[in-house]
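Protein sequences appear in the order of chains A and B. Following the numbering used here from start to finish, the first sequence increments by one per residue and tops out at 128. Following the numbering used here from start to finish, the second sequence increments by one per residue and tops out at 606.
Hints listed in this document are in silico derivations from the structure and should not be mistaken for laboratory results. Fair warning: there could be bad hints in the mix.
Unchecked claim - Output of the computed footprint for chain B on chain A, the stretches with three or more beta carbons under 8 Å from beta carbons of chain B: (1) 86-100; (2) 104-114.
Said to hold, decoys possible - Below are the SDA-like pairs computed for lysine to any residue, each with C-alpha atoms no more than 25 Å apart in a straight line: (3) A:LYS128 with B:ILE139; (4) A:LYS128 with B:GLU427; (5) A:LYS124 with B:HIS502; (6) B:LYS575 with B:HIS502.
Heads up, the beta-carbon is just placed ideally off N, CA and C, and yes, glycines get one too.
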Amino acid sequence: MCELTATTDSAAAAAELCVRQVLVANQLGLHARPASQIAREAQAFAAKIIIEGQGQSVDAKSILDILTLSAAQGSTLEIRASGADAAQAVDRLTELFAAKFGEK
Amino acid sequence: MARVIIRGISVSTGFAIGKAVFVNRRHRSELPRQTIQPALVAEEEARLREAFATVEAELAIARDRIPAELKEHKHILDSHLMILKDPKLAGAAVRCIRELGVNAEWALEKAVAELEKAFGVLDDLYIRERLQDVRVMSDRVMARLLGTVRELLAVEGRVIIMAHDLTPADTVALEVSKIMGFATAQGGKTSHTGIMARTLGIPALVGVSELEDAVNDGDLVIMDGVGARILVDPDEDELAEFNELADQFEDYQRRIYRGCQLPAETIDGYRVQVLANIELIEEVAAVLDNGGEGIGLYRTEYSYLNRIDLPQEDELADKYSDLAAIMSPRKVIFRTLDLGSDKTIASFGTLEEANPAMGLRAIRFCMQHPELFKTQLKAIARASAYGNVSIMFPMISGLREVRRAKAKLREAQEELRAEGKRFNQDMPIGIMIELPAAVMIANLLAEEVDFFSIGTNDLIQYSVGIDRTNPHVSYLYQPLHPAILRSIKHVVDEAHQAGIEASLCGEVASDPFCVPILMGMQIDCISLSPQAIPGIKRIIRQARMSECKALLREVLACRTVGKINRLVRDTIFNKYPEELTFFASLLDNDDLGG
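Just chain A, with the same shape it has in the complex (with noise of 0.2 Å):
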């Protein structure tokens, strides 16, 4: 689902953009606890990760950010990522939502 948009014909690795959109499944939304599953794992790649929804955007290793989110169950989000992993980046980020962050 990744949408490889070369500017330049230089590095490959270099202006890769994944895009793809997520519901909010859980009962409680992305409250404290998701969002800091979510800060914790998007802190482990290299890749730029933003968040958006509800007309704004978030990058989506900071907790701080992504809490002024509030997103309630059954929004939609959309995760950006660019750089070198971002693929994995969303793929992780992607497992999490659908696992509701093992919540119900």
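Put chain B on the given structure of chain A with help from the hints.
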């Protein structure tokens, strides 16, 4: 006279004389704003990034050095590390340097202030805790920037460590053999510093609010862990006096310590079990060293605090089983979770309660969260296969609660059976008696359980209707109030009537003035902090049951607490003059009138 005498809360007793060394300070809020020349902005930015990186590296090392039994502290450090790596904090400060051309210190302070402004309005416990993390971490980075960091490992000579606050990350980095005492401006009775100091057997004061203003690095100070004070720049006389006291104290400690492995038996042959209250498994060493005959109260809350997720059954079962196995064949009593409005779990959020002490806590909280409760019950039951394990439920107010809690335990045991996991089917079940309602129906409750444990700290507060931390009414916190003595005696009598054990686990159990009275009531078992055990055992070994009974009779005939306090103090002091010099009694600051 000393230049100044400051006071705090003593969390570990003893005396120390030495040089004050600050490992961190609250930094002054008026950090100068300096303009950085455009050519040097990149350098300033690098300076900030380097400070962040250094602190991160330090923390990562501290995290790896944490011993397995202190796993809980890892979660605190993890949470600190996450904040340190958070682009919102470092990134905002860097942007500030770039855009405004200011110094790193000012930029960092501004970034923190903005975060506090943005999140401070949110009334969410978890976010408030993260903001505290932000403060703690930015203070560390700031200390790096300002060059006020002391290399802890390079501390010279024997010193008294002072700090605004000590986090587990700080204490892990300390070389303990050089430390003679701790003092912090922040912190309360249950802070980590206290546990650390008691384990090391050195004095510690927390909540010394004037510490940073009154003490300078390198000042000569006397730490008086008995009187909960610090004498700054003492004179010759004071030095002589405290040197003498410190010697006497050491001598006394050595003497009581020598006899601490002997049984707690009166001269006329009455035997009491002396057990320990603990919170962390690492305290087990102190329990055994000090002659504790078992664990009378294992507070299980710690594994749940300071972390985002909940501990799972296997994690708890491992920890509990370790404790049971290490102590075996000695008894370990697990108290189920006493959490609620004052101590909350991040994943459950907070409740709006006007009166948290009377709110949804302890057994009530557990009943509202059956899954959380069952996880713990299963873990405790699994530990029962590895040693002499008992379980007890806190804050019981009536029969129905006991029956429901027992049914839950049964359920947990059934599940374990189905899963093929081992447990002791006859694990003794007890309850805490800490509500006046439970006192009144002790005879009914006794039919349901194998033992009572009287929690006097709460019982006193609920009986006289006060919060002891409220300075306006704390004078009413009187352990020897006739109503309290009658309550305790009633519970012990009812327990014995029903043929079950009565034990007591409040601070009263470590009070030399109260213990002889409890003995007179024929209490079966007392449970106290490990460090208090040798002294109390010695008092018991010098007592006679006949004298204790006579004292109890006299005390019960008194009509006011003032009269009781006077009588008890005279009697006990005559019998154990030396013993009492180094004991802080709950009766000490009593108004003896009334």
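So, going through the hints one by one against the coordinates:
{"no.": "1", "hint": "86-100", "result": "holds (count 6)"}
{"no.": "2", "hint": "104-114", "result": "violated (count 0)"}
{"no.": "3", "hint": "A:LYS128 with B:ILE139", "result": "holds (22 Å)"}
{"no.": "4", "hint": "A:LYS128 with B:GLU427", "result": "holds (22 Å)"}
{"no.": "5", "hint": "A:LYS124 with B:HIS502", "result": "violated (52 Å)"}
{"no.": "6", "hint": "B:LYS575 with B:HIS502", "result": "holds (21 Å)"}
Checked against the numbered hints above, the structure violates hints 2 and 5; every other hint is satisfied.
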